[in-house]
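Taken in order, these protein sequences are the chains called P and F.
6 is the number of the first residue of the first sequence in this note's numbering; add one for each residue after it.
5 is the number of the first residue of the second sequence in this note's numbering; add one for each residue after it.
Hints were generated in silico from the structure; no laboratory data involved.
Errors might be hidden in some of the hints.
[Said to hold, decoys possible] Taking lysine-lysine pairs in the DSBU-like style, the calculated list, with each CA pair at most 35 Å apart, reads: (1) F:K171 x P:K94; (2) F:K250 x P:K324; (3) F:K373 x P:K324; (4) F:K168 x P:K178; (5) P:K56 x F:K14; (6) P:K324 x F:K18; (7) F:K84 x P:K303; (8) F:K168 x F:K373; (9) F:K36 x F:K8; (10) P:K324 x F:K36; (11) P:K154 x P:K249; (12) P:K77 x F:K36; (13) F:K14 x P:K324.
[Unchecked claim] A short, non-exhaustive set of chain P residues, derived as facing chain F with CB atoms under 10 Å: (14) P137; (15) T250; (16) P308.
Bear in mind the structure is a predicted one, so any value in this text is a computation, not a measurement.
C-beta atoms are modelled at their ideal positions from N, C-alpha and C, and glycine is treated no differently.
Now for the letters of each chain:
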Amino acid sequence: MNLERRDFLKVLSAGALTAGNVTSVFAGIRKTLSADAVGILYDGTICIGCKACEAACKQYNDMSPESSNIEKAQGVDGIWDASYDLSEKTLNKIKLYEHGDASTRNSEENGFAFVKRACMHCVDPDCVSACPVTALTKNSVTGIVEYDKDACIGCRYCMVACPYNVPKFEYAKAVPEIQKCEMCNHRQVEGDIPACCEFCPTGASLFGKVTDLLEEARKRVKLVAGSTYEYPMRSLDEGDVSPKTVAPYINYIYGEKEGGGTQYLLLSAIPFTKLGLPELSATSSASKSEAIQHGVYKGMVAPIALLGGLLYGAYQTTKNSEG
Amino acid sequence: MHEKQALGGKLLTKPFWFLLGLAMIAGLLLIKRFLFGIGAVTNLSDGYPWGIWIVYDVLIGTALGCGGYSIALLVYIFNKGEYHPLVRTALMTSAFGYTLAGVSIFIDIGRYWQMYNVFLPWHINLNSIMFEVAACIGAYVFVLWIEFSPTFLEHRKSLETKKKLNKILFVFIALGVLLPTMHQSSLGSLMIIAGEKLSPIWQTGWLPLLFLMSAITMGYAVVIFESLFSAVALKRPLDETPILGKLSVMMIPLLVLFLGLRFGDLIWRGQLGNIFNDGMLGAFFVVENILFLIPIIMLASAKNRTQPTTLFWSAGSMILAGALYRFDTFLVAFNPGAGYHYFPSASEIMITVGIISIEIMAYLIFVKKLPVLPAIKHS
Chain P
6 MNLERRDFLK
16 VLSAGALTAG
26 NVTSVFAGIR
36 KTLSADAVGI
46 LYDGTICIGC
56 KACEAACKQY
66 NDMSPESSNI
76 EKAQGVDGIW
86 DASYDLSEKT
96 LNKIKLYEHG
106 DASTRNSEEN
116 GFAFVKRACM
126 HCVDPDCVSA
136 CPVTALTKNS
146 VTGIVEYDKD
156 ACIGCRYCMV
166 ACPYNVPKFE
176 YAKAVPEIQK
186 CEMCNHRQVE
196 GDIPACCEFC
206 PTGASLFGKV
216 TDLLEEARKR
226 VKLVAGSTYE
236 YPMRSLDEGD
246 VSPKTVAPYI
256 NYIYGEKEGG
266 GTQYLLLSAI
276 PFTKLGLPEL
286 SATSSASKSE
296 AIQHGVYKGM
306 VAPIALLGGL
316 LYGAYQTTKN
326 SEG
Chain F
5 MHEKQALGGK
15 LLTKPFWFLL
25 GLAMIAGLLL
35 IKRFLFGIGA
45 VTNLSDGYPW
55 GIWIVYDVLI
65 GTALGCGGYS
75 IALLVYIFNK
85 GEYHPLVRTA
95 LMTSAFGYTL
105 AGVSIFIDIG
115 RYWQMYNVFL
125 PWHINLNSIM
135 FEVAACIGAY
145 VFVLWIEFSP
155 TFLEHRKSLE
165 TKKKLNKILF
175 VFIALGVLLP
185 TMHQSSLGSL
195 MIIAGEKLSP
205 IWQTGWLPLL
215 FLMSAITMGY
225 AVVIFESLFS
235 AVALKRPLDE
245 TPILGKLSVM
255 MIPLLVLFLG
265 LRFGDLIWRG
275 QLGNIFNDGM
285 LGAFFVVENI
295 LFLIPIIMLA
305 SAKNRTQPTT
315 LFWSAGSMIL
325 AGALYRFDTF
335 LVAFNPGAGY
345 HYFPSASEIM
355 ITVGIISIEI
365 MAYLIFVKKL
375 PVLPAIKHS
């Protein structure tokens with residue numbers, strides 16, 4: 006008996022050692038952006054909160070309007086869209102920050118500001134790592150995080166995993182799906198840009214290659230407040246610009262490094278935490294959980310060795326008994 | 005060979021009818037769930053996509069189903085034959101716990117008709133902890149029923165088949181130890197990807213080891229608890245007390261290791277002070293760890309371990325500790341932000357209660373009709 010017991014303990018300690026090494030694997034970013042990855046730069050300082058992006062998003066993604074309970078009680082639901090936050094019917098949402106008398110635009114004190122929430126299209130998406138059946142995938146060229154309902158089992162682990170609570174589940178349906186922004190993939194294959202960018206009247210939602218958008222964002226955060234800047238409209242490639250007065254930017258590009266980086270980037274004049282965006286580490290949670298999982302299950306060596314020990318042990322103890 | 009016998013007796017007792025009633029209420033609510041969606045019966049939201057069905061029925065349910073695993077580890081791998089009388093009941097409770105966890109998963113997942121995708125090679129995602137958990141639990145339910153099948157074969161007097169099965173049973177015994185080792189640890193790993201949404205008091209790379217150790221300990225606790233409880237409830241003699249006392253010793257080193265790792269990790273990450281910063285979470289942490297501490301204290305002296313009452317309460321405390329640790333990790337300390345809150349709805353609770361009722365009914369049917377419990381020695 007001693008032999009296999011020792012083997013068994015050896016395997017266990019091997020497992021423990023692998024787990025101990027995990028911290029060293031944690032460091033470093035493991036996934037990089039594809040050269041052709043596309044994204045959206047949302048500049049909250051020039052957003053006027055008109056929600057044209059929301060209306061366009063609903064129209065081009067066949068999403069029905071939402072109404073609040075008050076509107077339902079008053080019998081005016083369905084006349085206009087009044088979603089409260091991102092939901093299974095709202096993939097793109099403009100939200101308002103308000104403080105004090107809300108008199109000054111882009112001001113943290115006594116001011117107001119807008120933020121647009123949608124899928125961040127992470128460089129190293131936790132939802133893609135979490136999905137047991139590969140229903141969520143990251144397009145190797147565009148980097149868009151796509152959803153396949155025919156693979157999905159509805160376990161909702163993607164929702165647990167996403168640090169931004171982006172994937173939404175249709176709780177009210179007997180045949181539910183996960184809903185999330187796919188950056189108007191269906192429009193992009195036809196040469197169009199995402200609806201939210203196409204219909205934004207100020208250029209606050211700007212489509213382009215992520216590398217170009219990052220460059221644009223870096224340029225903007227260095228601009229002098231009060232000066233005039235020609236803000237590109239709709240898409241960086243289009244060349245159409247609109248001159249506007251520069252707001253006092255916070256020198257930070259949200260999404261440049263959050264959870265290993267995102268393809269949806271945000272700029273603001275007030276702190277991002279005030280806009281409800283989470284503070285995240287520079288590596289994805291997926292990189293941590295995968296490091297542990299692949300550490301323990303590397304080449305299935307540990308489980309197979311353990312099984313070998315267990316088979317031997319179980320055989321020795323049962324061969325002379327009746328069970 | 006330890007003699008087993010069916011308990012016999014009347015099946016349709018008053019408590020049985022009561023349980024049947026609870027199960028039928030759950031059945032009606034389930035019709036509602038499948039016709040109108042998960043939102044019609046639960047308080048789940050986009051922030052809290054998992055509720056008590058996953059945390060109680062699956063996480064705690066399978067940990068309570070670890071009796072078969074923990075005892076098999078002792079009897080077959082560490083060759084402690086003296087615990088053999090406990091194997092059959094432990095396996096039975098495990099088979100129930102895991103099978104009903106599987107049923108709960110089926111109820112909880114939104115696109116259940118595609119559940120088999122988890123087993124299709126072109127769909128599976130090897131990076132996904134959920135894949136590991138789903139595949140392992142699925143396989144283990146099958147293994148558990150094979151391990152338990154000699155009981156059916158004895159009942160049907162198919163002794164030839166039983167003899168043949170016994171020759172290969174060691175393969176299933178080995179798998180029956182491997183699979184829970186894999187998925188009980190992975191059930192903890194599930195939350196690593198929740199990252200910042202889980203309080204740093206619970207979020208750690210050691211989740212898999214903490215979950216595995218507490219699951220094995222819960223396995224021993226369940227065997228002790230269930231044996232003493234059923235002896236009293238079914239009016240049987242407390243013959244098993246000496247062996248249960250011996251078994252209870254197993255929990256002490258496991259618990260000391262668990263608490264050592266739990267607190268060592270918190271100190272190492274500089275998070276121990278956080279317990280005092282967050283009132284509600286701190287309180288949950290304290291209660292959770294007191295429950296883990298109680299069995300260590302109660303079982304420390306050999307004299308205490310001969311007392312059925314001490315064994316019963318220490319095992320009960322251990323079960324609550326492991327259950328609360330799982331509740332905390334998956335619900336209490338999980339905060340998706342954005343103003344989301346979760347408390348289970350009445351329908352959600354009634355469905356879980358119905359599933360527990362089915363489990364108890366199945367237990368009663370099995371011990372009364374099949375040779376599961378040790379034969380009573382008449383002196």
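- Could you check the structure against the hints above and give me the numbers of any it violates, in ascending order? Violated hints: 1, 4, 5, 6, 9, 10, 11, 13 and 15; rest satisfied.
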